[in-house]
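Peer 1: Sequence:
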Amino acid sequence: GPLLGPLTKKRSLETGPEIKSSLTNKYLINYKNLQSLVSCVFNWPHSILLSDPLKLEGPDTKREEETDTSTEGEERNKLAYCVTDVPPWYLCIILGIQHCLTAFGGIIAIPLILSGGLCLQYDGLTQSHLISTIFFVSGICTLLQVTFGVRLPILQGGTFTLLVPSLAMLSTPEWTCPAWTQNASLVNTSSPEFIEVWQSRMRALQGSIMVGSLFQVFVGFSGLIGFFMRFIGPLTIAPTISLIGLSLFDSAGTKAGHHWGISGMTTVLIILFSQYLRHIPVPFPTFSKEKRLHTTRVYIFQILPVLLGITLPWLICYILTICDVFPTEPNQYGHLARTDVKGDVVSRAPWITFPYPGQWGLPTVSLAGVVGILAGVISSMIESVGDYHACARLSGAPPPPKHAINRGIGIEGLGCLLAGAWGTGNGTTSYSENVGALGITKVGSRMVIIAGAVLLVAIGVFGKVAAIFTTIPSPVIGGMFLVMFGVIAAAGVSNLQYVDMNSSRNIFIFGFSMFCGLVIPNWMFKNTTAIATGVIALDQVLTVLLTTSMFVGGFLGFILDNTIPGSKLERGIVAWNKAHKEDSSNTLESGDVYDLPFGITSYLPAMSLRTSDSFLGTISWQMTSRLLVLRREASSASRTENSPLASKVTPVSRI
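For the sequence shown, the residue numbers in our numbering are 80 to 734.
No lab work stands behind these hints: they were computed from the structure.
Values in this document were obtained by computation on a predicted structure and should not be read as measured data.
Some hints here could point you the wrong way.
[Said to hold, decoys possible] SDA-like mimics (lysine to any residue), calculated; alpha carbons at most 25 Å apart, straight line:
no.	residue 1	residue 2
1	K647	A569
2	K521	D674
3	K543	I395
4	K657	L303
5	K481	F297
6	K647	V572
7	K481	L625
8	K605	K368
9	K605	L625
10	K605	Q261
11	K605	G590
12	K368	I172
13	K481	F300
14	K481	T163
Using the sequences plus the hints, can you model the full thing?
Peer 2: Put into structure tokens, the structure is as follows:
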């Protein structure tokens, strides 16, 4: 009566939840008695009545819960170290090693795939030199990018966008490997004939990459990337990136098919570690002055899924090789699962090797190769712009201004130029997987990436380390490729989240671009002499372009998306631009993050203070602004001199 009387005078009938809400707001003092009474009368279970009256549902408490939830989310997403912080040296080394291991799969995969097109599949020692070179150059390019480029904690490494056109160029009749290089018993890796076979192909690849990278340098430092991005949307990017992974299915299938049991085990382990066990911490013994010997839980499966997924099958293959479980005859199924196929490559590899420009000879230039590389360079630039924005959000930095993006693209072009000169057979780009690692570790400091870059250079110098990687059996690599290339294909499709896929226009553009990107290159590979215009150079250019899946799909997507009528909202341009302009929860000024180091900004203030599209534009703008300021000061000084008090005031401003 005392509790329900006032309430029943206002409302004759109340439903259970309404009574609970009303009583919550007005009768908190007698809450315990009320809980028992309501539970008996209305037969409500005690579970729906919270023990804390302040947490009962109501308009005020809901707002409090939302505030608490947002606070918990902010705490959970809070960075331990932001981009400008400097962690302790030991933490820099540990996390730098982690970034190297995260990029490990992508870096070593490229020379191992290229070795087939370069006729090096049976030359393990040369493969180790290529691995050393790409590690070394990746470290140098990372240092340049973090120091003088976009200045975000983003690691550089080999790119699959240049791998596809490179393989297309090496598959042309001019560069097809001789039949005798495909037979291990006929290959003498030290013979001058064999050395010239693979080095001539590498030199042609080097020259094409170097010339193509000059275009990226020009686009970056001139600010043209902003112009290109006006016409490139998700319907262009999605088929381009997806076809990078899909076009490499033959390489993955060939290597995995050498022993499906081993490759299947590798794939299952990588999936198990990266998807099912990623949230399970593993206790590790640690020691500190405060806690002495204790255990620390580390999410090791989330940090190193690829490395663990490769190491275990690799070790099993080594044991089975010692026990002679795999056949010793080269032509038998399962032979390439042995770890001694490459012979004594580890013992023959030098302890110290120092890669240098032109180590394979003077690069040559192929017009067809340059055009194909240009298609890959454009794709790489588009992908990197997205990586910069994602990296800024995860490292606690402001969104990258245009001048920082321009510098980043320009430095990536310079990195491709260095990679071509050193002879990696590839270029460099920003690694998305390392950007994701920032969100896992909550450490966005660029000093960690600098430590990782130094470690990459060290790995490239120690030849034995690279030689060990060449002993990974082909089925293990094939199992890794099944996961890696699948993720690349899915990453491309994920760009469709910005597009209205209920639109028949968009469905047609994406489906047609993807299908043609698979059909046309497949037909061209089977009919390599189909194009005969009478001009050999033109034949080579068209052949390389039409055998490059990502160019065919991306070009068709670009043309159709920009010619078929459709609103920016329907095309996904609005959502795409909004996603890239999202701010991070940062408290840093843009200049603190993106200004050039070592006082360079004071000499080139336009490069960091003005966010226009190009460096040349910023310099001219800054000079014009300075002249206008001087003119206003001169006018002010002139007015001061003409005033009655001019004789009493020292005209310091005149200077």
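Peer 1: Okay, which hints does this one fail, numbers in order?
Peer 2: Failing hints, ascending: 7, 8.
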